[in-house]
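The whole structure should be built from the sequences, with the hints applied where relevant.
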Amino acid sequence: MRLCCVLVNLLPYKTAQKSGHFIGNCLYLIYYPRRKVALENMRNALGGELSDKEITRFVRKSFIHLILIFIEFIRIPKMVKNFSRYVTIDRKEIVWDCLSHGKGVILLISHYGNWELMAVMAGLIGYPICAVGRALKNRYLYNYIEKIRGYTGLVSIPKKGAARDVIKALKNNKVVAILFDQYAGSAGVPVKLFGRTAWTTDAVAQFAARTGAVVVPAYNTRQADGTHRIYVEDPIPTINTGNRKEDIMQNTALYNENLEKWIRKHPEQWLWLHKRWKTPRKYQ
Numbered sequence: 009m010r011l012c013c014v015l016v017n018l019l020p021y022k023t024a025q026k027s028g029h030f031i032g033n034c035l036y037l038i039y040y041p042r043r044k045v046a047l048e049n050m051r052n053a054l055g056g057e058l059s060d061k062e063i064t065r066f067v068r069k070s071f072i073h074l075i076l077i078f079i080e081f082i083r084i085p086k087m088v089k090n091f092s093r094y095v096t097i098d099r100k101e102i103v104w105d106c107l108s109h110g111k112g113v114i115l116l117i118s119h120y121g122n123w124e125l126m127a128v129m130a131g132l133i134g135y136p137i138c139a140v141g142r143a144l145k146n147r148y149l150y151n152y153i154e155k156i157r158g159y160t161g162l163v164s165i166p167k168k169g170a171a172r173d174v175i176k177a178l179k180n181n182k183v184v185a186i187l188f189d190q191y192a193g194s195a196g197v198p199v200k201l202f203g204r205t206a207w208t209t210d211a212v213a214q215f216a217a218r219t220g221a222v223v224v225p226a227y228n229t230r231q232a233d234g235t236h237r238i239y240v241e242d243p244i245p246t247i248n249t250g251n252r253k254e255d256i257m258q259n260t261a262l263y264n265e266n267l268e269k270w271i272r273k274h275p276e277q278w279l280w281l282h283k284r285w286k287t288p289r290k291y292q
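According to my numbering, the residues represented by the sequence shown are 9 to 292, in order.
Treat the hints as calculated values from the structure; they're not laboratory data.
Wrong hints could be hidden among the right ones.
So the derived label-pair ranges between C-beta atoms look like this [stated by the list, open to error]:
no. : residue 1 : residue 2 : range
1   : G220      : E57       : 35 to 45 Å
2   : F78       : W285      : 19 to 29 Å
3   : D242      : K61       : 27 to 37 Å
4   : G161      : E57       : 32 to 42 Å
5   : E254      : G161      : 31 to 41 Å
6   : S27       : G220      : 20 to 30 Å
7   : R172      : I133      : 20 to 30 Å
8   : K253      : I38       : 10 to 20 Å
9   : T23       : E254      : 45 to 55 Å
Think of the CB as a built atom: it goes at the ideal place given N, C-alpha and C, for glycine as much as any other residue.
So this is what it looks like as structure tokens:
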């Protein structure tokens, strides 16, 4: 893995991206199980809006996009020397404004665009940023990944047992990035995503309700020239009627609605390979 990283970093940026396009196309052709999942997911979500030809094209592009994320991630140590050449950010003042309330900010992020570059940029512009993530089984590989993520000050919070550290960070008025868009199983709540029930983590809504932290969505979109633009959205107001269970459901549904809007803009930049709409075994 380290040798692979060295080789990729030796390539010029444009050459590395072209290599990513080639590898992504090959992966699309040979990785039939995940290609089938991606095609089925997109047909079920956007079949009424896109033709089958468009869906096939977007799924192929999603495989390319996934490889480019990997290539760009391992080039972060090289890119960070002139990061603004590759990544720009719109409306960064929104997070600073929300931090002025003193209750922390939950950065609502998803597997859309290159979320890894977004975390690096957040640290680069000075956000006191933490991110919740699942540790890899390979300790050596995970340590290397953590080192790259920490180049600009990002502090990682292991997903297992994260609640205490997240609450502590928010009470200390920090920014905590939480990926919320993967299948959460029976630990999540059943809310709609593209009109279908998607078991979604309720962690964001729970933390917002418990701490008063502001929930701010942010998305990083890959541009036609290979650069990236991060867009920070207005905060999503937290519904608080006093009915805790119903509030959690409604708030989580709002997060999914926000994500839908962005996926429709660039379908190829979301992680369609994931079995997002599974039903937990206990409810089958």
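Results of checking the hints against the structure:
{"no.": "1", "hint": "G220 with E57: 35 to 45 Å", "in the structure": "holds (38 Å)"}
{"no.": "2", "hint": "F78 with W285: 19 to 29 Å", "in the structure": "holds (25 Å)"}
{"no.": "3", "hint": "D242 with K61: 27 to 37 Å", "in the structure": "holds (36 Å)"}
{"no.": "4", "hint": "G161 with E57: 32 to 42 Å", "in the structure": "holds (40 Å)"}
{"no.": "5", "hint": "E254 with G161: 31 to 41 Å", "in the structure": "holds (38 Å)"}
{"no.": "6", "hint": "S27 with G220: 20 to 30 Å", "in the structure": "violated (47 Å)"}
{"no.": "7", "hint": "R172 with I133: 20 to 30 Å", "in the structure": "holds (27 Å)"}
{"no.": "8", "hint": "K253 with I38: 10 to 20 Å", "in the structure": "violated (45 Å)"}
{"no.": "9", "hint": "T23 with E254: 45 to 55 Å", "in the structure": "holds (53 Å)"}
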